[in-house]
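**Q** Okay, here's what each chain looks like letter by letter:
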Amino acid sequence: MSAWLHDVRTLLALEWRRERRTPQVLPAMTLFSIGVFVAFRFGLQDGSVAGPLAAGILLVTTLLAALLGIGRLWAAEEDEGGLDGFRLTPVPASALVAAKALALWTFLVALHLIAVPAFAFLLLSDGLAAGSILPLIGAVLLCDLGIAFAGTLVGAVAAAARSRELLVPLMAVPLLIPLVAIASEVLAPLLTGSGSGASPVTEGRWWLALALYDGVFLLVCWSVSDGIVED
Amino acid sequence: MPVPPTTSSDPPAVRLVDVARRRGERMVLRDLTLELPAGGTLALLGSNGAGKSTLLRVLAGLMRPSAGTCEVLGCSLPKQRAALRGRVGYLAHEPMLYRDLTVRENLVHRARLLRVPEARVDALLVATGLEKRAAFPVHALSRGLTQRTSAAIALLGDPELLLLDEPLANLDPTASERLDALLAARPEPIADGAPAVAGRASRSRVIAGHDPDAALAAADLVLGLQAGRPVLLATPDRIGDAEIGALYR
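Chains as they are written, first to last, in the working numbering: chain W, 62 to 292; chain G, 1289 to 1537.
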């Protein structure tokens, strides 16, 4: 197990080193998200949202931004022979898939460190209730985890195809719709604003459903990792 | 050149029985049957598109054979390819390098995955003459320097079997001589002090190329391919100009 973790850490470090060396995914996702929030700010005229509409804007923007990251996730493995190089080493395929999922997850978390405050500043005129902040962080982390697992699968399948750019949105969006629906139920009560007076409460079953979605895609990723990496 | 002696416990480096590989509707390899003893060198000859690179990918475990029995270092492929990993060094036609990373970063990354100490990275950088380019990103390298980097990576894990696809292509004469010595069946130890072929008399090699003279000089066995079919399989002493000429006709 410790060798497996060492391999995951090595492969994850590679993802971040490449992103630091030639920033692509993070700037693209961040600029896209902030651009969408600004567009909504002006498109909705009064520029203020709350509840389900706020949750929907945040989640759909996250989903679309994630497509940029998913599309690039396996690109170097296919285009630069990284996957062949990996397949000559004794490292199990599950370590590579885990590292890819963790890389996408950490990219999304880094995105949200900037995008959520920008979202709150541009679109939540009532701000956030103090009690909402921790649950909001938890919900975003869980949501990002689900996108990371599903996105890793989609990215791997699409990378082997010639029309990668077309396949990623066509495959990822349907897979991620249930996640958006569930996460919207979790987030909507948390984004009602500090002025509503009511204490934000999300029904426990939606948290459970969110965790279940993540768990299902974690298991799928694990079980198909050999198939993803081999020819 | 005599085939290096092997003990009865050594499985053949490569054993193929009626191996075929299909790509779509087209057979890119067919009817391949041969045995390369451990420590031996097999030269692959044939014109462009003859199937040499495909055969190397099959032997590396990167491509499944569509039919036949394929055993490499005693591992039946594709079933036992996990057991083969880390034992084969593959210098491919296309470099398997991350272009944004430096030469050294590429080597260190692969060394970590192969569980090889970083001292061997430094030793190989010196041995391949890349020590002054170690901090260069791969995308800034010439074809020759990229080839040397790929060769260093192929040698990282002190592999039992080297699969070399035109290993000396794009190299200047000095680099060619240096790399030829490093990729030899019985190379000199490199600067890390460890023997280049630890615990073995020599390493097995499969070399694809377009230089018949070099192939005949280096090989214990020569396989000539035409459109994926074996048209020549013999020891170098039984091959003359006529056979070579027919191969490229």
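Hints are computed from structural coordinates only; laboratory data are not their basis. Just so you know, even glycine gets a beta-carbon here, dropped at the ideal spot from N, CA and C. Each hint should be verified, as a subset may be incorrect.
A partial selection of chain W residues facing chain G, derived with a Cβ cut-off under 10 Å [stated by the list, open to error]:
hint : residue
1    : L75
2    : P113
3    : L114
4    : A137
5    : G142
6    : G143
7    : G146
8    : P151
9    : V152
10   : R223
Which chain G residues stay away from chain W? Per the calculated CB distances, all over 12 Å, these [stated by the list, open to error]:
hint : residue
11   : P1325
12   : A1355
13   : R1369
14   : R1373
15   : R1431
16   : D1468
17   : L1520
18   : D1525
**Q** Each hint should be assessed against the structure and marked as holding or not.
**A** Hints versus structure:
1. L75: 6 Å, holds
2. P113: 42 Å, violated
3. L114: Check failed: Cβ of L114 (chain W) comes no nearer than 40 Å to chain G, outside 10 Å.
4. A137: Holds. Min distance 6 Å.
5. G142: 4 Å, holds
6. G143: 6 Å, holds
7. G146: 4 Å, holds
8. P151: Constraint on P151 (chain W) satisfied, holds at 4 Å.
9. V152: 5 Å, holds
10. R223: 14 Å, violated
11. P1325: 23 Å, holds
12. A1355: 16 Å, holds
13. R1369: 8 Å, violated
14. R1373: 4 Å, violated
15. R1431: Check passes; 15 Å lies beyond 12 Å.
16. D1468: With a cut-off of 12 Å, D1468 (chain G) remains clear of chain W, as the shortest Cβ separation is near 22 Å.
17. L1520: For L1520 (chain G), whose nearest Cβ neighbour in chain W is about 28 Å away, the distance exceeds 12 Å, so it holds.
18. D1525: 33 Å, holds
Against the hints set out earlier in the document, violations occur for numbers 2, 3, 10, 13 and 14.
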